[in-house]
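Below, each chain spelled out in residue letters.
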Amino acid sequence: MEPLTWTGSIAFLDPIFVYSLIALVIAIVVWIVLSAVLPEGVATTNPDGTLTMASGPRKTATQAVKLLFVLVVALLVLYLVLGVFMGTGAGIIGAMSQQFLPVWTSLIILYAASIAFKRRLGLYGKLYDSPIGMIGFGLVMFWVFTGIFGQLDLIVTHDSLSQVSGMKNKVPGTPLRGAEEGDFQWYLLGGDNLARDVFSRMVKGAGVVVQIAPLATLFAFMVGITLGLPAGFYGGRLDTFLSFLANLILAFPVILLFYLLVTPEIVATGVPNYMAIVLFVFPIVFLAVLLNSRFYTRPRVRTPLLICVLGAATWLYLSLVSTGGFLINTKDYSIWGLPTYMDLFDVPGGILVVFVSVVFVNSPTVFRIVRGLALDIKTRDYVAAAQTRGEGPWYIMLWEILPNARGPLIVDFCLRIGYTTILLGTLGFFGLGLPPESPDWGSTINEGRKLLSIYLHPALPPALALLSLVLGLNLLADGLREESLKD
Amino acid sequence: MGLFILRRTGVMIITALCLTFVVFFLTNLYPNLEKLAKTQGNFRMSDEAVASWLDNNGYAQPTVVKYGQWLGVLPGWTKEVEDGFNGRCFNGPISAEEVAQQPSFCGILQGDWGYSTVFKDEVSSIVAVRLGNTGFLMLCVLALMVPSALIVGVLAGMKEGSVLDRVLSTFSIVTTATPEYVSGVIFIAVFTSSTVGLKWFKGTATSAMENATFENFFLPVLTIALYGMGYIARMTRASMTEVMTAQYIRTARLKGVSFHNIVLKHALRNALIAPFTVIMLQFPWLLNGVVIVETLFNYKGFGWVLVQAAGNNDIELLLAVSVVSVFVVLVTQLISDIGYVYLNPRIRIS
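Heads up: the protein sequence lines correspond to chains H and Z, in order. Residue numbering for the first sequence follows numbering that gives the first Met the number 0, starting at 0 and increasing by one per position. Residue numbering for the second sequence follows numbering that gives the first Met the number 0, starting at 0 and increasing by one per position.
One chain only, chain H, in its complex shape:
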């Protein structure tokens, strides 16, 4: 087998692409300089009452930037489309593009459906009016689909853990040594220090992030909302106490906290399990109060509803916190939990610890945001109206204040998933929590950085992947903020 080049048989496109990219950069620089130096175009009034803008060098520069941008994007799309059809014939990029085919299909379906029905989809639909939001959402969904399909073994070319002899630190596009009939014949992005496929590990790493980050952020929000609303609404002693606790956690350097919580010795004492037991109660409390405050005037609806929802939630909670029949299982003592035959799923020890510490670090910030919003909103007239109507405090908090605070909270949720992704990367970077062979991006970067001055390819793909996902989340948050402010 021949080694693959980056673009294979469509290499004739490369010079065109490079020149148009250079031209685009020059055009952008000229555009900035012109817009700073030249005055804005003056509008002149025509005799018939219409306005014309004088077309000057500014306008020409704008046009040039637009045209070149479209050209560059079109070329990129051409690379990917040709890649889908030609596969390895179009080099490494083509082969990767073909591997990502399920992701492209899902993205196209998602975008087509959303744009077709965008007027009926509320805030989500409005996202498609803002180009920044669309780009951000596209980046995020690309990695979400990659994570999901990667877990289903659709995109990966090799097992992310298996080591193939002779592939150690090989450059991208190296043919697999001793490949058999059914194997994928190349290491698309090369092999890492332990001769594993970098491409497959990057795809699997997306799975780790997609599994942990959104869920951990959601839990942090549940904790932050359940504590932040009463703190802002009641104020007084409760507020002082909770704010003190939140500031206490915030004053800790995050990395010190991780080092204290995630080391194997601390895990052996069961401290993270205790924290999991406490932190994961909050979603149940949140659900209970949410439903009870709404339906308590109608006991016939409320009682069965609460029993069903809380029963299911408690079962999930117990499955989450108990492992192998124990809530806490240390050398000296153990506390019984859910018996194994009722346990729906076991979270691997490392993941649970990482999950708990990420939730723990994030929830004080959410608490402060929610508290601030509650302080602001509780002075509004509709809150006073609800109080006059005789609604209870929890109804006001959860059904009057919370829905009106949703705009900033949704924006912050997107930003916070990005931040959680960065935190997960930090944990991996210091080799904490997740097992060392785990394909998550932080661990991969950490492994790759040791040989960085000689071999670039093991560290760069996960680094760029993490960068693009967080960038996507930031852009998405920006788009959402813009669109929610338009109302």
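Among the hints, erroneous ones may be present.
[Claimed, not checked] Derived contacts from chain H toward chain Z, CB cut-off under 7 Å, selection only:
id	residue
1	ILE21
2	VAL24
3	SER34
4	PRO229
5	TYR233
6	PRO252
7	ARG448
Simulated from the structure, these hints should not be mistaken for laboratory data. Built from N, CA and C at the ideal position, the CB exists for glycine as well.
Dock chain Z against chain H, hints included.
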């Protein structure tokens, strides 16, 4: 104002006490002590040997008592061993007469920060040296980050929606989305590796501890500065656009004041109040960045000590590290509050 500072200082001390107790508690859990005993003694100690080692070295006391001794509010322990006395306040074993001459209290209140089990040295001297290294790094970071962030923010916020604004805003979003370990890796890959061949800088900053040059020190500084910069720039931009739409700016424009005079003389001072608080509150994040960058570039500063102390469960060093970092965080919060009041005439006068 005086009362305000006094109250804040009180809260600060309580916070520091709580935090150090948490650190103390977590580092003194039995598995951690067992690990410490095995690294200090030998790795094949039996359980009984571990227990007696811990007992002889004062680790077997209740956590609260040990914490009191560390603080210096309880007398340090002494313990009779085979050939004399061991104790917290002296390096044993010594005879009973000598024990009587030793001070009975030795905690941080007496200025004794303890002894590092990893570096085999006084904690205070280790922390002082390493903090000096990091202080220099931070100084360079601030010198690079704050002016460039403010310039980017002010330029972007001057005319909302202009070309410059869009380009600079994109730039600041990209920098906030790039954590230090990503940008550091990319910088090392592009500017130092033999594969790309630029080799403009050095990939490690170890030599920068004695002799910092542009070549070996710029990359770590840039890596930390970039991540913090985007956020400050965005805050500055937000505050600048808000000021530029204010009534008095419109009045100045209508009066015929030139644009650069409006920006420099009328808008800038009011627009810089909000970023000041943001810069101050950015310190805890910088501390994080410092730990990552010092590990990545092998610069032996405060962050590097944190990693070493935490990785080896060096209790007293870890406590000193957390006291210092908590102190930095709380003091910057205090300064940001006071500064906000001081800078904002509307609050200052009322």
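I'd like to know which numbered hints this structure contradicts. Please list them from smallest to largest. Numbers 1, 2, 4 and 5, in rising order.
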